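Colleague: Here's the letter readout for the chains.
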Amino acid sequence: MSFALLSITAQPLDLAALVTAVSAEQARQARDAGTANAGGIASFLGLVRSPNQGRGVLHLEYEAYEPLAVRVFERIRDEIGAEWPGAVLALHHRIGRLTPGEVSVAIVVASQHRAAAFAGCRYAIERVKQIAPIWKREAFEGGDIWIEGAVATPDDEDARREALKLACV
Amino acid sequence: MRVKVRLFAQLRDLAGAGDLDCQVEDANAVQGQDVWRAVVRDHPALASFTRAMSTAVNLEYARLDSPVRDGDEVAFLPPVSGG
Numbered sequence: 001m002s003f004a005l006l007s008i009t010a011q012p013l014d015l016a017a018l019v020t021a022v023s024a025e026q027a028r029q030a031r032d033a034g035t036a037n038a039g040g041i042a043s044f045l046g047l048v049r050s051p052n053q054g055r056g057v058l059h060l061e062y063e064a065y066e067p068l069a070v071r072v073f074e075r076i077r078d079e080i081g082a083e084w085p086g087a088v089l090a091l092h093h094r095i096g097r098l099t100p101g102e103v104s105v106a107i108v109v110a111s112q113h114r115a116a117a118f119a120g121c122r123y124a125i126e127r128v129k130q131i132a133p134i135w136k137r138e139a140f141e142g143g144d145i146w147i148e149g150a151v152a153t154p155d156d157e158d159a160r161r162e163a164l165k166l167a168c169v
Numbered sequence: 001m002r003v004k005v006r007l008f009a010q011l012r013d014l015a016g017a018g019d020l021d022c023q024v025e026d027a028n029a030v031q032g033q034d035v036w037r038a039v040v041r042d043h044p045a046l047a048s049f050t051r052a053m054s055t056a057v058n059l060e061y062a063r064l065d066s067p068v069r070d071g072d073e074v075a076f077l078p079p080v081s082g083g
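Chains as they are written, first to last, in our numbering: chain A, 1 to 169; chain B, 1 to 83.
To be clear, the hints were calculated from the coordinates, so they are not data collected in a lab.
Predicted, not measured: the structure shown is a model, and the values here were computed from it.
No residue lacks a Cβ here, since even glycine has one placed at the ideal position from N, Cα and C.
Some clues are possibly wrong.
List of simulated lysine to any residue pairs, SDA-like, C-alpha gap at most 20 angstroms [what the hints assert, rightly or not]:
| id | chain 1 | residue 1 | chain 2 | residue 2 |
| --- | --- | --- | --- | --- |
| 1 | B | K4 | B | D42 |
| 2 | A | K129 | A | L6 |
| 3 | A | K129 | B | H43 |
| 4 | A | K129 | A | R161 |
| 5 | B | K4 | B | D19 |
| 6 | A | K129 | B | S81 |
| 7 | A | K129 | A | P100 |
| 8 | A | K165 | A | F140 |
| 9 | B | K4 | B | A38 |
| 10 | A | K129 | A | H113 |
| 11 | A | K129 | B | L59 |
| 12 | B | K4 | B | D70 |
| 13 | A | K129 | B | A52 |
| 14 | A | K129 | A | G86 |
| 15 | A | K129 | B | D19 |
| 16 | B | K4 | B | D26 |
| 17 | A | K129 | A | E162 |
| 18 | A | K165 | B | G83 |
| 19 | A | K129 | A | L98 |
| 20 | A | K129 | A | E157 |
| 21 | B | K4 | B | H43 |
| 22 | B | K4 | B | V57 |
| 23 | A | K129 | B | S66 |
| 24 | B | K4 | A | S7 |
| 25 | B | K4 | B | S81 |
| 26 | B | K4 | B | G83 |
| 27 | A | K129 | A | S7 |
| 28 | B | K4 | A | E162 |
| 29 | A | K165 | A | H113 |
| 30 | B | K4 | B | N28 |
| 31 | A | K129 | B | G83 |
| 32 | A | K129 | B | P79 |
| 33 | A | K165 | A | E138 |
Computed far set for chain B versus chain A, every beta-carbon distance over 10 angstroms [as the list claims (entries may be wrong)]:
| id | residue |
| --- | --- |
| 34 | K4 |
| 35 | D21 |
| 36 | C22 |
| 37 | N28 |
| 38 | V30 |
| 39 | D34 |
| 40 | R37 |
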């Protein structure tokens, strides 16, 4: 079994491994399609921040509905493929306990042109925040709380357009 | 009929369990909301999430009026916060 491009994992995230995997996948697809190799690879790492909204963060506890999360990652991959043909995504999200400064999410997009690589990364993280079934509980000095973001509605076209707008500014 | 209910994050904490074996009264067209009502009946603290959650049936996002069949896995998801 080759290295998965899309994954939920309890292991520390390895950006170099994602770059290698996405690069190989883009090369394979480009060979099959008779198109150019990647002219650009962009990456995004999300890190645990502290303080967060004035609270000194001790750690975050991430959990996911793993099989659905991987399906949502596949959906995000397909949306990126439709928006930026030829762009290839790798997306890994961590679960478990993370302390400030640790990487919670790693995204890599390879594309023939840099614009799609940068835009695809931004689009992917916005979509993760909108629709991936992942949650974090923040332990801070004095208590702990569930962080609540968006109600996940994958077919909400307004949300998708908002993510696209953020990606393309 | 029996449905496997999955609860996550705040919903699991409020219910005290993440996996529930839920008995839903057999009817012609059972929907996600019938399952939700059965869950809330047993765990009233969850009621406030009725308008602030997502539903998934057998690992597909679904609507509260989506059909549910015997043996399905129905998940209720509070607002997400990945990233």
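Colleague: Check the hint pairing K4 of chain B with G83 of chain B against an upper bound of 20 angstroms on the C-alpha distance.
Modeller: violated, 28 angstroms
Colleague: Holds or violated: K129 of chain A with L6 of chain A, Cα cutoff 20 angstroms?
Modeller: holds, 16 angstroms
Colleague: A cut-off of 10 angstroms on Cβ-Cβ distance, and K4 of chain B was said to be off the interface with chain A. Does that hold?
Modeller: The claim stands: K4 of chain B keeps its Cβ more than 10 angstroms from every Cβ of chain A (closest is about 13 angstroms).
Colleague: Can you confirm whether the C-alpha distance between K165 of chain A and F140 of chain A stays at or below 20 angstroms?
Modeller: violated, 33 angstroms
Colleague: Compare the distance between the alpha carbons of K129 of chain A and R161 of chain A with 20 angstroms, and conclude whether the hinted pair is satisfied.
Modeller: OK: K129 of chain A and R161 of chain A at ~14 angstroms, within 20 angstroms.
Colleague: Is K165 of chain A within 20 angstroms of H113 of chain A, Cα to Cα?
Modeller: holds, 19 angstroms
Colleague: Per the stated criterion, does the least C-beta distance between C22 of chain B and chain A lie above 10 angstroms, as a non-interface residue requires?
Modeller: holds, 17 angstroms
Colleague: Mind checking the alpha carbons of K4 of chain B and H43 of chain B for me, to see if they're no more than 20 angstroms apart?
Modeller: holds, 16 angstroms
Colleague: Check whether the Cα positions of K129 of chain A and G83 of chain B lie no farther apart than 20 angstroms.
Modeller: Given that 20 angstroms is the threshold and the Cα spacing comes to 6 angstroms, the pair holds.
Colleague: Under the criterion that the straight-line Cα-Cα distance not exceed 20 angstroms, is the pair K4 of chain B, D19 of chain B satisfied?
Modeller: holds, 7 angstroms
Colleague: R37 of chain B: least C-beta distance to chain A exceeds 10 angstroms?
Modeller: holds, 19 angstroms
Colleague: For the pair we were handed, K4 of chain B and N28 of chain B, check the Cα-Cα distance against 20 angstroms.
Modeller: holds, 19 angstroms
In the structure shown, a violation is registered for the earlier hints numbered 3, 8, 10, 14, 15, 23, 24, 25, 26, 28, 33, in ascending order.
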